[in-house]
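2 protein chains.
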Amino acid sequence: MKQLEERIREEGAILSDKVLKVDSFLNHQVDTELALATGKEFARVFAGERITKVLTIEASGIQFAMAAGIALGVPFVYAKKKKAITQSDKVYTAPVHSFTRGETYQVSVDQRFLGPEDRILIVDDFLATGAALVGLVDIVRESGAELVGVGAVIEKSFQEGRGLLEAKGVRIHSLARIVSMKPGEVHFASEEIYSTQN
Amino acid sequence: MKQLEERIREEGAILSDKVLKVDSFLNHQVDTELALATGKEFARVFAGERITKVLTIEASGIQFAMAAGIALGVPFVYAKKKKAITQSDKVYTAPVHSFTRGETYQVSVDQRFLGPEDRILIVDDFLATGAALVGLVDIVRESGAELVGVGAVIEKSFQEGRGLLEAKGVRIHSLARIVSMKPGEVHFASEEIYSTQN
Chain A
1 MKQLEERIRE
11 EGAILSDKVL
21 KVDSFLNHQV
31 DTELALATGK
41 EFARVFAGER
51 ITKVLTIEAS
61 GIQFAMAAGI
71 ALGVPFVYAK
81 KKKAITQSDK
91 VYTAPVHSFT
101 RGETYQVSVD
111 QRFLGPEDRI
121 LIVDDFLATG
131 AALVGLVDIV
141 RESGAELVGV
151 GAVIEKSFQE
161 GRGLLEAKGV
171 RIHSLARIVS
181 MKPGEVHFAS
191 EEIYSTQN
Chain B
1 MKQLEERIRE
11 EGAILSDKVL
21 KVDSFLNHQV
31 DTELALATGK
41 EFARVFAGER
51 ITKVLTIEAS
61 GIQFAMAAGI
71 ALGVPFVYAK
81 KKKAITQSDK
91 VYTAPVHSFT
101 RGETYQVSVD
111 QRFLGPEDRI
121 LIVDDFLATG
131 AALVGLVDIV
141 RESGAELVGV
151 GAVIEKSFQE
161 GRGLLEAKGV
171 RIHSLARIVS
181 MKPGEVHFAS
191 EEIYSTQN
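First to last, the protein sequences are chains A and B. For the first sequence, the tail end lands on 198 under the working numbering, and the numbers increase by one without skipping. For the second sequence, the tail end lands on 198 under the working numbering, and the numbers increase by one without skipping.
Be aware that one or more of the hints could be misleading.
The list cannot tell twin chains apart, which means a pair is met if one copy fits it or any two copies do.
Unchecked claim - Straight line, CA to CA, 27 Å or less: simulated BS3-like cross-link-like pairs of lysine-lysine: (1) 168 <-> 182; (2) 81 <-> 21; (3) 2 <-> 90; (4) 90 <-> 182; (5) 2 <-> 82; (6) 82 <-> 21; (7) 90 <-> 18; (8) 18 <-> 81; (9) 82 <-> 182; (10) 182 <-> 18; (11) 18 <-> 168; (12) 182 <-> 2; (13) 40 <-> 21; (14) 90 <-> 21; (15) 182 <-> 40; (16) 81 <-> 2; (17) 40 <-> 90.
By construction, these hints were calculated from the structure, which means they are not laboratory data. These numbers come from a predicted model, not from an experiment.
So here's chain A without its partners, still in its complex pose (with noise of 0.2 Å):
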C-alpha cells in the first residue's frame, strides 16, 4: 500500500534494526483518514471472503478492526489482556508474550463472540513476532469459526511471525512489508529503499 510505505518513509522513526515508531499516524496518534484506508485495502483483499467479524487484540489493533469493520460491514471483537469484572468466565484464551512491553498475558474472547458460524478475518497494526496474531489464531481455531486469514498494516518480514503463521497454513496480506531497517533506511519488499528521518 504505496500511501502507507510513504508515511512510514516519511514519519516512521526507526529505534533499532528492530523497533520502527510509528507513533504519529498509527499507533498513538491515529491519521483516521489513513485508518479507514487500510480498512478498505484489507476489504479489497478479502473480497468474497464472506467475513462475519473482525477480531484484533488491544489496544493498538482497535483502529485496524474498526476501519476493516466498516469497509466490510461487520461488527469487530478485540481480545482482552487483562480480566475485568465485567467479564464472563465462558472464554477463548491463549498466552500471547509481549517483546514491547516484556510480559505475558493471558488474552481472551468471550465464547458469545465467536463461533461455528463465523468467518473470521483477524487483524493487529504489526505483525513481528507474531506472538499476539498465533494467539488470536489459536483462538479462532479453538471456537470452531473459519479464519479467512490475518492482515497486518506493517509487517517485518524479517521477524519470525510470518513463518509461525505459515506454518499453520494461514493465509496473510500485509499492507507495508519491511525486508530489513536500519535508523536511517527502510526497505519494503516492493524494493524499494527509502531513507528516514533518523
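With the hints as your guide, set chain B onto chain A.
Just chain B now, with coordinates in the frame of chain A:
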C-alpha cells in the same frame, strides 16, 4: 441518543446497581455502525468548536474516538496506560485508578501530540467515577491545549464522575445518561423506564 438507549435496554446486562455490561455491542464486540453513529452525534453536539483532535484512553475509548475523529475530520490520540519501549520520555502524565480492574495506572500522552494550538474533545465509553476522564482533563490542561469538552457514550449519573468534571468547569455531553439502575431495570435521564434482560 435514542438508538443507544434502546440498545442498552435490549442488550445491556445490569450485574449490580453499579455495573452495566455492554460488551456485546460497545466494548468487547463492537457494532461498527452504532460506533460511527456515536461519532456523528458528538460531531453534531460540538459543531462550531473548531476541534483539532480527539483524545481518549486505551482501550475501550478508541472505537469512539475514532468514530468522532472520522465525523470531525481530525486525528485522534489515545493515552497509554503502560510505557512501551518505543515511547519517549517527554510525556504528559496523570494517575488514574481503575475500579473495574483494581489498580492505578500512570497514563501518558506524548508531548508531541498535544499543545497550545490544539482544541481538544475528550471521548470515552463510560463516565462513572470519572477517574480516567479527570486524568485526561488534567493532561490537556497541562499541555496548554484548549479543552472543548468531554463526550461520554454512557454516563452513570449516580456516580461521582459528572460532579468531579463539573467542578473543573468542563462541558459534558453524554449520549445515554443513566439516572439509576438495578438488575432488570434501567432509568435514563430522558425519564423513560425500560426493563432489561437481567
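Practice task
Using 27 Å as the alpha carbon limit, work out where residue 182 and residue 2 are close: within a copy, between copies, both or neither.
Solution key: within (20 Å within a copy, 52 Å between copies)
Practice task
Using 27 Å as the alpha carbon limit, work out where residue 90 and residue 21 are close: within a copy, between copies, both or neither.
Solution key: Classified as between: cross-chain Cα gap 15 Å, same-chain 36 Å, threshold 27 Å.
Practice task
Have a look at residue 182 and residue 18 and pick one of within, between, both or neither, based on CA distance no larger than 27 Å.
Solution key: Cα proximity of residue 182 and residue 18: one copy only (8 Å, versus 51 Å across).
Practice task
If the cutoff is 27 Å on CA atoms, where do residue 90 and residue 18 land: within, between, both or neither? Let me know, please.
Solution key: For residue 90 and residue 18, the Cα distance is within 27 Å only across copies (22 Å; inside one copy 37 Å).
Practice task
Could you place residue 18 and residue 168 in one of the four classes (within, between, both, neither) given a Cα distance threshold of 27 Å?
Solution key: within (24 Å within a copy, 44 Å between copies)
Problem - Within, between, both or neither: residue 182, residue 40 at alpha-carbon 27 Å - result: neither (30 Å within a copy, 42 Å between copies)
Exercise for the section: Evaluate residue 81 and residue 2 at a C-alpha cut-off of 27 Å and name the case that applies: within, between, both or neither. Expected result: Intra 32 Å, inter 32 Å, cutoff 27 Å: neither.
Practice task
Evaluate residue 18 and residue 81 at a C-alpha cut-off of 27 Å and name the case that applies: within, between, both or neither.
Solution key: Both ways: residue 18 and residue 81 sit 24 Å apart in one copy and 23 Å across, limit 27 Å.
Exercise for the section: Tell me, please, which holds for residue 2 and residue 90 at an alpha-carbon limit of 27 Å: within, between, both or neither? Expected result: neither (42 Å within a copy, 31 Å between copies)
Exercise for the section: Up to 27 Å between alpha-carbons, please classify residue 90 paired with residue 182: within, between, both or neither. Expected result: between (44 Å within a copy, 23 Å between copies)
Problem - Copy assignment of residue 40 with residue 90, given that the CA separation must stay at most 27 Å - result: The answer is neither: 33 Å in one copy and 34 Å across copies each exceed 27 Å.
Practice task
With 27 Å as the alpha-carbon cut-off, assign the pair residue 81 and residue 21 to within, between, both or neither.
Solution key: Both. Shortest intra-copy (22 Å) and inter-copy (18 Å) distances satisfy the 27 Å Cα cut-off.
This entry does not satisfy hints 1, 3, 5, 15, 16 and 17, going by the numbered hints stated previously.
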